[in-house]
Structure formats: structure tokens, C-alpha cells
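Visitor: Sequence:
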Amino acid sequence: VIFSPDSKLVALSSDVRDKIVRLWDVITGAALQTLKCNPPIFSIEFSPNSKLVASSETGNVARLWDTTTGAALHMLKGHSDFFYSVVFSPNGNLVASGSGNGTILLWDIIIGALLQTLKGHLNWVISVAFSPDSKLVASSSYDNIVRLWDTVTGAALQTLSLGITIRDSSEQFRTLFVLENRVKEEGKNLLWLPPDYRATFVTVRSGMAVLGHLSGGISFLDERRQVTM
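In terms of this note's numbering, the sequence shown opens at residue 1 and continues consecutively.
There may be inaccurate statements among the hints.
[What the hints assert, rightly or not] In silico PhoX-like links for lysine-lysine, alpha-carbon gap of 25 Å or less:
| # | residue 1 | residue 2 |
| --- | --- | --- |
| 1 | Lys51 | Lys19 |
| 2 | Lys77 | Lys19 |
| 3 | Lys51 | Lys36 |
| 4 | Lys119 | Lys135 |
| 5 | Lys119 | Lys77 |
[Stated by the list, open to error] Derived Cβ-Cβ restraints for the label pairs, each shown as a range:
| # | residue 1 | residue 2 | range |
| --- | --- | --- | --- |
| 6 | Lys135 | Ser50 | 30 to 38 Å |
| 7 | Pro5 | Ala72 | 16 to 24 Å |
| 8 | Thr68 | Arg182 | 35 to 43 Å |
| 9 | Pro5 | Leu73 | 16 to 24 Å |
| 10 | Leu73 | Pro195 | 36 to 44 Å |
| 11 | Ser80 | Val26 | 21 to 29 Å |
| 12 | Ala72 | Leu160 | 22 to 30 Å |
It is worth saying that the hints were derived from the structure and are not from the lab.
In this text, a Cβ means the ideal position worked out from N, Cα and C, and glycines have one as well.
Throw the hints in and build the complete structure from the sequences for me.
Guide: Listed below in C-alpha cells is the structure:
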């Protein structure tokens, strides 16, 4: 489940085996669009203006959809391995996707063209994020490395070796990082995650971090740093 940035829509795929992404009106609860994908569906993401949805699917492809009409606009092909992470740039011009083979692809969403292939990670890329000005993209991998890239040239600018996997960071929590076994804020340990509560997915929206755990449970961490499990 993911909310649109304008909070008017919600996108839902009920199961990774489901071949449908449904768009709902948050206010009325009405079903607006049904997007027919190739299961399993690994990731769903809205564009900053809420007019597009990107879905990562089996077959190593991503699709771009018009949220108003439900039309499929582009199929993004280029990955040679599965990928779970897909994200729009803040300016709405680019999509970045991180793959199981350690590469990150950058796409022009207007024409659906592949612009850059970023190579350097030695393991699965699990998280990708743009800088606020859309000029940089950061990637985190199971190789315990965070890499910083130039979105125009594709050049690798910085490499941070952390010795631990960063699952996610966000605009809402600029100083908050969810690591493999703990949550840190401004370099300080905020919360230790027991083995059964290690995050298998992390999402942050509207001042709330949601952590999915190996135990099957879900935890919520709000902007006041209150935790509910």
C-alpha cells in the first residue's frame, strides 16, 4: 500500500502474486483505476505530482501508468535481473531502479528512455533515493556500501563503507536511518531491533515510519519518536 504525495489516492496490490494494482480515492473510497501488471509486483511508487505510478514487475521490467486514465505509458526495459526498488526524482523527470545484480538504471519518464546505467555495487541494491534537487542519487546495497552518483553524467562521486546494510532513509526523517539491527538518529542509537523485528521493508510517509519485520509484524515510528508494535 502506498499513498500519493497529494494524499488523494492510494495504490494497493494485495499480494506479490496479484497481477493488479488498484487505485482508490482516499476521500470517497471509490475504486478509480485497475492497472494490469505481470505478477509478482515488487514495488509501487507515485510521481511527485501524483499523476504517474511506477510498478516493478516480473520479467525485470517497470511500467509507468497514468493515474487519471489508467493507461500504460511506458515499459522500462534494461535490467538483466529482478529489482525491487523504483523511485521518482523530486523534479518528476527521472525514475531510478536498483537491481539484484548491483546496478542502478536511470530513466527519462517523458519518453521512457534509459539514460544511465550505474555500476559499482557487488550485491543486490535494496534502496535508491534522489537528492532534493534531483542532481544526485544515492544507492544502498547488501554489500554494505552506500554510493552517491551524478544523475547527469552517471559518475560515481562518493563511496561510504558502513559495515552494515542501510534499509531506508527519507525526506521526512532526514536524520533518521533504519539499519539492519537498529534505528539511528543524528548518529545516535535510537532503537535496537531484536532478531524477530529486523526490518524486511521500510517506508516513511507523512511523518510516520513503517517497518515490516521477519516475525510478520509491523511497527510504526511517528515523528515524535513513539513506537507502536
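Visitor: Determine for every hint whether it applies to the structure shown.
Guide: Hints and how they fare:
no., hint, in the structure
1, Lys51 / Lys19, "holds, 21 Å"
2, Lys77 / Lys19, "holds, 18 Å"
3, Lys51 / Lys36, "holds, 17 Å"
4, Lys119 / Lys135, "holds, 17 Å"
5, Lys119 / Lys77, "holds, 17 Å"
6, Lys135 / Ser50: 30 to 38 Å, "violated, 23 Å"
7, Pro5 / Ala72: 16 to 24 Å, "holds, 21 Å"
8, Thr68 / Arg182: 35 to 43 Å, "holds, 42 Å"
9, Pro5 / Leu73: 16 to 24 Å, "holds, 18 Å"
10, Leu73 / Pro195: 36 to 44 Å, "holds, 43 Å"
11, Ser80 / Val26: 21 to 29 Å, "violated, 37 Å"
12, Ala72 / Leu160: 22 to 30 Å, "violated, 37 Å"
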